[in-house]
Amino acid sequence: MKINNLADLNALKEEANKRLEVKWKTKIVVGMATCGMAAGATPVMNALKEEIAAGKLENIEVSQVGCIGLCEYEPIIEVFEEGKENNRVTYVKMDAEKAKEVIKTHIAGGKIAEAYTIGAGGEDNISSIENTQFYKHQQRISLRNCGVIDPENIEDYIAGDGYFALAKVLNGMSREDVIKLLKDSGLRGRGGGGFPTGLKWEFAFKQDSDKKYVCCNADEGDPGAFMDRSILEGDPHSVVEAMAIAGYAVGSDEGYIYIRAEYPVAVKRLGIAIDQAKKMGLLGKDIMGSGFNFDLEIRLGAGAFVCGEETALITSIEGNRGEPRPRPPFPAVKGLFGKPTILNNVETYANIGQIILNGADWFSGLGTEKSKGTKVFALGGKITNTGLVEIPMGMTLRKVVGEIGGGIPNGKKFKAAQTGGPSGGCIPASLFDTPIDYDNLTAIGSMMGSGGLIVMDEDTCMVDIAKYFLDFTVDESCGKCGPCRIGTKRMYELLEKITSGNGEEEDLDKLEELGAHIKSASLCGLGQTAPNPVLSTMKYFRDEYISHVKDKKCAAGVCKSLLSYIILEDKCIGCTACKKVCPTEAISGERKEAHAIDQSKCIKCDACVQKCKFGAIIKR
Amino acid sequence: MKKKMTTVTFKGTPEQEAQLIQVIGEYKNTKGALMPVLQKAQAIYGYLPLEVQKIVAEGMDVSLAEIYGVITFYSQFLLNPKGDVAIDVCMGTACYVRGAGDILDKISGSLGVKSGETSDDGRYSLEGVRCIGACGLAPVITINGSVYGRLKLGEVDKILDKYKEKNI
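Top to bottom, those sequences are chains A and B. Taking numbering that gives the first Met the number 0, the leading residue of the first sequence gets 0, the next gets one more, and so forth. Taking numbering that gives the first Met the number 0, the leading residue of the second sequence gets 0, the next gets one more, and so forth.
One chain only, chain A, in its complex shape (with noise of 0.2 Å):
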């Protein structure tokens, strides 16, 4: 069906919306994003609708939807009734058995399968995912149809009034009305530097120009970072939207969407949205009888971190290399083929929607001050709920780390949490009640980034994470500008030094130093950050450092150069388990006796530690 007027997409919400109504049948929704996929979403599929087949119920509807956000308990199905005391129920950690005996249980025999509920075996006996802390303290905007729609089904988004944000901007509002709304909004940029969306919209907008662009940042390099990915495979027509909406408002026909490769399930769902809204007339030539035309594209990353960078990732669309350029000038001035451009991120996109239909009031109720609305984290790491989440900006990293996630698994100490990636910092637990915003994170040393928030224990070694960051960002680096190329290398080394056992006091101020020249004279965003991890790592913990450099230690057991392995005489049995393990045989002792290491053959490989089973050998 092709979409002319607004009367048009109004007839189709209706008739989407009466097939979706659960008055008359039994939903039953299954998390088939990457992550649920690769924990077995498929087969517990095949087997939902193979037991409704053998057992021919009626009037039962199962649907694919993207990420339901708690990661830890996938694969995730949950079953919606309507008019029933509980009328969603979630079933965690499911595999095509348990899912079987869900269907003869549950909708053939109208009772709960306790045993797999979200919440079997708590005290409060909780049988839906609303009521977990997990979901409770969160607002879902960004990630409103994330593990709710079909994301692979048009209709299932206009359902949720998808393309009326469009709808409504052809449809009476000027290209200033949207970007004054937007600016009222207060929303800033999603990606990480928090840049106002609605001013860089302005900038393109009042470029005189016979071309511009829009272009949408899916190249999600920060490891540890999963919420654009989740969007595009839970919710892919409202970034398309949200695009269409900004080649309106700035005055641009074609955009491009850069999406990193190793996306394909995102890749494969963003290509299907793009051609159904092609179909239907919501993107292409006279979008719903206006006059405006928009068409976009997308194209694939190849696995470089600095396409994240703006001018980076519009050098590569353009077929190049992908190396930054100095700004000015910037891109909304001569951006994509020396033309007017702008570049949001993913979730960025996501909002835009909304906001056009609620209004800048609404949105700027939420937030802070200077940051407002949501944002969403993947929580990730030592934490006991793995997964993502959209909370309020000013939310403390207490709540988001102790009640929305969970705590830490296995009785652990809280040591940091890492926000910002390869750009940002480590938080230590001193600065908990911080409430997360943009400004606030970087004035303690970290930013926002794109949305990770690793979780890190006692068991975590903070000079090998500022390490392992650096490697990173050593391979990243692109090389065009010296401070970033040569001076993250010489910075790793140190870094190497210190946790081989070899580094002396001044090699931390050496450190210092250079993090400080690398910030300040580096080409773009990665280098001005590369030193971040080092930096808010020895700014807060610092005795660590210290006692790699003077004695030697590592006391979170973590680097290899430092530590000994040793028997404990009063645990050991003497099983010899340990002893036929131990690849250089470094180990020895009679049977029934306590064993010992010795040091000298020791190669530190960790294998008699897994195989005892008495807790002996320890690391120190």
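Treat the hints loosely; a few may be bogus.
[Claimed, not checked] Label-pair ranges, simulated between beta-carbon atoms:
no.: 1; chain 1: B; residue 1: N143; chain 2: A; residue 2: K210; range: 40 to 48 Å
no.: 2; chain 1: A; residue 1: N85; chain 2: B; residue 2: L152; range: 37 to 45 Å
no.: 3; chain 1: A; residue 1: R174; chain 2: B; residue 2: E16; range: 23 to 31 Å
no.: 4; chain 1: B; residue 1: I158; chain 2: A; residue 2: S587; range: 27 to 35 Å
no.: 5; chain 1: A; residue 1: A119; chain 2: B; residue 2: K10; range: 33 to 41 Å
no.: 6; chain 1: A; residue 1: A10; chain 2: B; residue 2: N143; range: 26 to 34 Å
no.: 7; chain 1: A; residue 1: P325; chain 2: B; residue 2: S145; range: 16 to 24 Å
no.: 8; chain 1: B; residue 1: G115; chain 2: A; residue 2: K267; range: 23 to 31 Å
Quick caveat, the hints were computed from the structure, so don't treat them as lab data. The model shown is predicted, which means the values in this text are computed figures rather than measured ones. Built from N, CA and C at the ideal position, the CB exists for glycine as well.
Take the given structure of chain A and dock chain B to it, following the hints.
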């Protein structure tokens, strides 16, 4: 990413070349077409040796130096083919703090293949890769696209055993 020169002999077929020339034709009027053409070329040949670079250079009227420059800039463009069993170990932060480094070492030790290299018989290749975004399942490896998550060191050899059969 450090790149080594191509070491395997080129075994391209006329069919592959015809396919590539067709792709180049399709992109004739596209702006900034070099990256998509190279991506398709790699899909056809599995890697981008000098012989393929030359066809692209001639077809698109771009210098060979420029093409080589682009290929070596991006980590996904390969100068050597991957192994029949291509193992990628995710080295994203979430995986790293949950022990991905040890898993990479373990696989490297078990197979005798260093990270970033392919075994001499072309059977195995091993790579520590950038975050694949499955952080909830950390640590994660993929073997020929199949994902193994929440991995423990002790499970590695069992998984590798599955790929020992020559017919995979």
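Requested in this report: Compare the structure with the hints numbered earlier in the document and write down the numbers of the violated ones, lowest to highest.
Outcome: 3, 5, 6, 7
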